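2 protein chains.
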Amino acid sequence: MNVFIIGVGLIGGSLALDIQKEFTSATVYGIDQNTDHLQKALDLGIIHKKTTNADLINADIVIIAIPVDVSLKVIPEVLDQVSDTCLVLDVGSTKEEICEIIKKHPKRRNFLATHPIAGTEFSGPNAALTGLYKGKTNIICEVEKTAFKLQEKALDIFSKLGMRIRYMDPKSHDKHIAYVSHLSHISSFMLGKTVIEKEKNERDIFDMAGSGFASTVRLAKSSPAMWAPIFQQNKENVIETLEEYIQNLENFKALLEQDNFSAVYAEMENTNHIKQILSGIQEVKLL
Amino acid sequence: MNVFIIGVGLIGGSLALDIQKEFTSATVYGIDQNTDHLQKALDLGIIHKKTTNADLINADIVIIAIPVDVSLKVIPEVLDQVSDTCLVLDVGSTKEEICEIIKKHPKRRNFLATHPIAGTEFSGPNAALTGLYKGKTNIICEVEKTAFKLQEKALDIFSKLGMRIRYMDPKSHDKHIAYVSHLSHISSFMLGKTVIEKEKNERDIFDMAGSGFASTVRLAKSSPAMWAPIFQQNKENVIETLEEYIQNLENFKALLEQDNFSAVYAEMENTNHIKQILSGIQEVKLL
Chain A
1337 MNVFIIGVGL
1347 IGGSLALDIQ
1357 KEFTSATVYG
1367 IDQNTDHLQK
1377 ALDLGIIHKK
1387 TTNADLINAD
1397 IVIIAIPVDV
1407 SLKVIPEVLD
1417 QVSDTCLVLD
1427 VGSTKEEICE
1437 IIKKHPKRRN
1447 FLATHPIAGT
1457 EFSGPNAALT
1467 GLYKGKTNII
1477 CEVEKTAFKL
1487 QEKALDIFSK
1497 LGMRIRYMDP
1507 KSHDKHIAYV
1517 SHLSHISSFM
1527 LGKTVIEKEK
1537 NERDIFDMAG
1547 SGFASTVRLA
1557 KSSPAMWAPI
1567 FQQNKENVIE
1577 TLEEYIQNLE
1587 NFKALLEQDN
1597 FSAVYAEMEN
1607 TNHIKQILSG
1617 IQEVKLL
Chain B
1337 MNVFIIGVGL
1347 IGGSLALDIQ
1357 KEFTSATVYG
1367 IDQNTDHLQK
1377 ALDLGIIHKK
1387 TTNADLINAD
1397 IVIIAIPVDV
1407 SLKVIPEVLD
1417 QVSDTCLVLD
1427 VGSTKEEICE
1437 IIKKHPKRRN
1447 FLATHPIAGT
1457 EFSGPNAALT
1467 GLYKGKTNII
1477 CEVEKTAFKL
1487 QEKALDIFSK
1497 LGMRIRYMDP
1507 KSHDKHIAYV
1517 SHLSHISSFM
1527 LGKTVIEKEK
1537 NERDIFDMAG
1547 SGFASTVRLA
1557 KSSPAMWAPI
1567 FQQNKENVIE
1577 TLEEYIQNLE
1587 NFKALLEQDN
1597 FSAVYAEMEN
1607 TNHIKQILSG
1617 IQEVKLL
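Here the protein sequences come in this chain order: A and B.
Using my numbering, the letters of the first sequence correspond one by one to residues 1337 to 1623.
Using my numbering, the letters of the second sequence correspond one by one to residues 1337 to 1623.
Hints may contain errors.
Identical copies carry no separate label here, and so any pair may be met within one copy or between two of them.
Said to hold, decoys possible - Straight-line distance between alpha carbons at most 27 Å, and here's what the computed BS3-like set of lysine-lysine pairs gives: (1) Lys1507 / Lys1386; (2) Lys1511 / Lys1536; (3) Lys1534 / Lys1611; (4) Lys1534 / Lys1511; (5) Lys1376 / Lys1611.
Just so you know, the hints here were simulated from the structure itself, not pulled from any lab data.
Nothing here was measured: the structure is a model prediction, and the numbers come from that model.
Please take these sequences and the hints and turn them into a complete structure.
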């Protein structure tokens, strides 16, 4: 089995490591615009061989793990080049535009749109981890548009990597993910910004910041090259979540200004409920 | 050495555990309004004995680890009752009102205002942890107002528990801590609220939320009984941080609306800088 990984960073690199482990007869090829990253992936044993798009005809599976704006261009090109029996899947954080752009592609049935909900705030091949996907959710969109045998091939990989599968249409995916992922990245980035702006003396931040702050701003370390295109593709949903978030913050501020601390208490108590909702995630997912 | 812990929850209970470990000859007494918590602390070995305020005259050290609104009443009462050689310290997250309320107390020199920056999102004696304070910062306010010998006694404990000490005036403490702690709690609570409101189908949240979301809303599990009084006492500073945070979110939203994604990119890239600032915290402090 020839597995081609396009984009050998955190997401693609971690997939490569797990695929090597679970499919010992697979040969993992890497393609990356960043030649340093590609060499690094080879040196780290993330891939077996470096290659280029010219070799795509020999691929059994192509996994596209690059920023979602580049995917819009790369996915159709890859589909043009692969064989009729090759499975091409992307793992980006937005699904609507990606599904739209290839909907009339002659090889649409070779493509599967997926979003494994896994990652860390780090990026590049050095950030790749074995077992990153174990116990994580993988959202698959428009499964019915993929050839049955290629669905099977993909599900076999996801299952061996330990992922739970959920099926969803691209529009719902993008809407929901704006709330549970995209918004938290923005809240984290803007929290980091607010504190950096205020606290010019970094030593003071460092000395006073505890684990709570570190946890809340963790996502502010994420890669802008990955996230700016995500916000662009999911702009409408992200703006909607931001408006609701800002409104909730404004309401909370108004309660403080009105000295209505019983309402402040109630706001927090009602939200404590997140404890139960997230109880399953904490253990399996929190890094 | 008789150590009295008033409030045997996460913070007081964790102090009790470490003090028992580092001062093997110490007897640790617990006082708590919540009789279930007090019994639980005894059962868990967090304290050696249950007691009441009537016994405070026998204390060598009293540690007050209760919500900051209750502290305003309890600290002066405790000072009224302890011996002339007893050290009384509080560990609350606000310092200005607490220092103000006891500034003319006849036993002011028996009191030390501290804020160990440590904790988790959980509360009560079950949440108490050994080693919680190791490597953490403890902020001490108005140290010069505490008797020299009692400062020494406190520093000996903090040093054996592995804490780093920083001295700060109460006003600066409350201002800085609003940015690096209080604001992140509000951003987290309101993020949790926004998602809960939107996603009535909790199963969908659970399935799509990953470690990033879990990390960002972790603080939304915190105790309202602890946090409402903190926001009340630090109201002015907290409102200021909230205004700046909301403004940054509004600006980010405007950039999205204007399709100015190079500026969106720059915003994130500039904030990535938090990586270096927090690099020391991640390893020692992130739970």
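Point to revise | Hints not upheld, ascending by number | key: Structure breaks hint 1 only.
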